[in-house]
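Novice: For chain F, the structure is supplied; the task is to place chain E on it using the hints.
Those protein sequences? They're chains F and E, same order as listed. When we follow full-length UniProt numbering, the leftmost residue of the first sequence carries the number 1, and every step to the right adds one. When we follow full-length UniProt numbering, the leftmost residue of the second sequence carries the number 1, and every step to the right adds one.
Wrong hints could be hidden among the right ones.
In this list, chains with the same sequence are indistinguishable; a pair is considered to hold if it fits within one copy or across any two.
As the list claims (entries may be wrong) - With a Cα cut of at most 20 Å, we get these calculated PhoX-like pairs of lysine-lysine:
no., residue 1, residue 2
1, 194, 183
2, 130, 234
3, 77, 244
4, 227, 183
5, 33, 194
6, 77, 66
7, 183, 225
8, 200, 183
9, 77, 33
Just so you know, the hints here were simulated from the structure itself, not pulled from any lab data.
2 protein chains.
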Amino acid sequence: MLNRLLPDEIRVLSWAPAPSPEFSARFDCVRRKYRYFFPRGSLDLGLMGKAAALLVGGHDFRNFCKMDVGNGVVDYKRSIFQASVTVMQQNDPQLESPYDMCEVTIEGKAFLWHQIRCIVSVLFLVGEGKEEPQIVTQLLNPEQPKPQYPLAVDLPLVLFECEYEHLLDWQHEQEELSRVVLKMQATWTANAVKAAMIGKMLANVEPKLEAPVLAQADSLVMGVKPKVYQPLLKRQTCSTLETKIDHYVKRRKLKKNEDNDQSGDVEMK
Amino acid sequence: MLNRLLPDEIRVLSWAPAPSPEFSARFDCVRRKYRYFFPRGSLDLGLMGKAAALLVGGHDFRNFCKMDVGNGVVDYKRSIFQASVTVMQQNDPQLESPYDMCEVTIEGKAFLWHQIRCIVSVLFLVGEGKEEPQIVTQLLNPEQPKPQYPLAVDLPLVLFECEYEHLLDWQHEQEELSRVVLKMQATWTANAVKAAMIGKMLANVEPKLEAPVLAQADSLVMGVKPKVYQPLLKRQTCSTLETKIDHYVKRRKLKKNEDNDQSGDVEMK
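This is chain F alone, in the form it adopts within the complex (with noise of 0.2 Å):
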């Protein structure tokens, strides 16, 4: 079975036959879900929810990826089905609690380099108050040059569920499928006992503090948290596209094509 010759950390749930020779895992998917989990922390799930929502339907994308022109990736128009903010596991049902586990759902056909981890940033910022939820609006008009912010970590970034245009044909094998639980088990064991003990330190300790801390969703933002916050749009720039490919262009990389400008097509030499 190919799970004895894969590492731990990755694990053959189920298999099916390609539909065709030319299948291709990556390229014929026609709609991933990606789902980032974060703990409630200061966070307003009201309004990252409102901001999630300006994020459906076709837009150009650009700002909310890093941009990978070397690699010929010119055209940042990407379409998202649905994207939600939800409470995934409350801590106490009657009361909402900062150790809330939450999760941003994600679902599109096709997603740019980093695009997830941009966006759950720019949500997160938006949770904070710190941005409107209008700011993602702003940020999808092509015309607005990308302010230079740092990624949600990659941690808690899950790709959960891809989809083919032919159904396939999914394979278990019980066995191997009882023996992929019980190590899973075991592994949610560990974690979940450690979170419960520091969880239980925390509920103990942050009584004696005379300032509340909040920062259980501040690790999975890159980089350190600045003093004073300085506002998306007033923030230094990232060079725009036009210069990125101007640079491949003159480095020989990439060759424009002169007869499909306006489509912003390139080829790669």
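Specialist: Chain E alone, transformed into the frame defined by chain F:
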């Protein structure tokens, strides 16, 4: 500040002046509270609670510890003030789940080597329905030789509180306390996010199993689970306390106190 010199996993939250030069944080402690965290899995918490209640009081705990005769410990009488098994965090307020986080809480003045991990291991056997709660009373009988059984793993065990006869004058430094809480929240988040990710995956995979797997708590007992269960009282036994004492007396590492033999006191040479 001391915290800058300590390894990351050890943090000072507050300090108190020693009430006397002879004060010992270890030997002057009059009440210790241990917590052991575990997921419900397939365990019957009611049975475990009944078994835990039988531990309360003054007993000879030689069958619930690793006998440390080599270090001169020959008196295995200890008192447990309180022992309970409770749900710490319920996944769904309406429904019991194998993913509910639970805890064993045990309070006493002083404990033997590996005493809590031995107790928890036996409580797990009771919770699995493999032993009756009364096994606790049977094992508390010093005439009963100690059956061989594995320890519960150390990860979920926390010495949570220590009380001293004289109230100590605890000093908190707010700025440092904030820093520690901030760091602890980040550690909590890393573990809670991982648990949430794996938990969500399991919720998707488990319905595909024909026979459910409830191994959430199994990874907390050391060693491999035998296919056929061997009842504790039918297992091979460890060498008795008397044999161990004789062994050390012969090796002249222990001196039997002939004047006061009944007390079981011995001295290390």
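Novice: Check residue 77 against residue 244 for me: Cα-Cα at most 20 Å, and say if that holds within a copy, between copies, both or neither.
Specialist: Classified as within: same-chain Cα gap 17 Å, cross-chain 77 Å, threshold 20 Å.
Novice: Is the C-alpha distance from residue 183 to residue 225 at most 20 Å within one copy, between copies, in both cases, or in neither?
Specialist: The answer is between: 14 Å across copies meets 20 Å, while 37 Å in one copy does not.
Novice: Between the shortest in-copy and the shortest cross-copy C-alpha distance, which are at most 20 Å for residue 194 and residue 183: within, between, both, or neither?
Specialist: Classified as both; 17 Å inside a copy, 14 Å across copies.
Novice: With 20 Å as the alpha-carbon cut-off, assign the pair residue 33 and residue 194 to within, between, both or neither.
Specialist: Result: close only across copies, 18 Å inter versus 28 Å intra.
Novice: Pop the pair residue 130 and residue 234 into one bin, within, between, both or neither, using alpha-carbon distances up to 20 Å.
Specialist: Within one copy, since 13 Å is at most 20 Å while 66 Å is not.
Novice: Is the C-alpha distance from residue 227 to residue 183 at most 20 Å within one copy, between copies, in both cases, or in neither?
Specialist: Answer is between; shortest inter-copy Cα gap is 17 Å, intra-copy 43 Å.
Novice: When no copy is specified for residue 77 and residue 66, does a C-alpha distance of 20 Å or less occur within a copy, between copies, both, or neither?
Specialist: within (14 Å within a copy, 66 Å between copies)
Novice: Up to 20 Å between alpha-carbons, please classify residue 77 paired with residue 33: within, between, both or neither.
Specialist: within (18 Å within a copy, 59 Å between copies)
Novice: I want to check one pair: residue 200 and residue 183. Are their C-alpha atoms no more than 20 Å apart within a copy, between two copies, both, or neither?
Specialist: between (26 Å within a copy, 15 Å between copies)
In terms of the numbered hints stated before, the structure departs from none.
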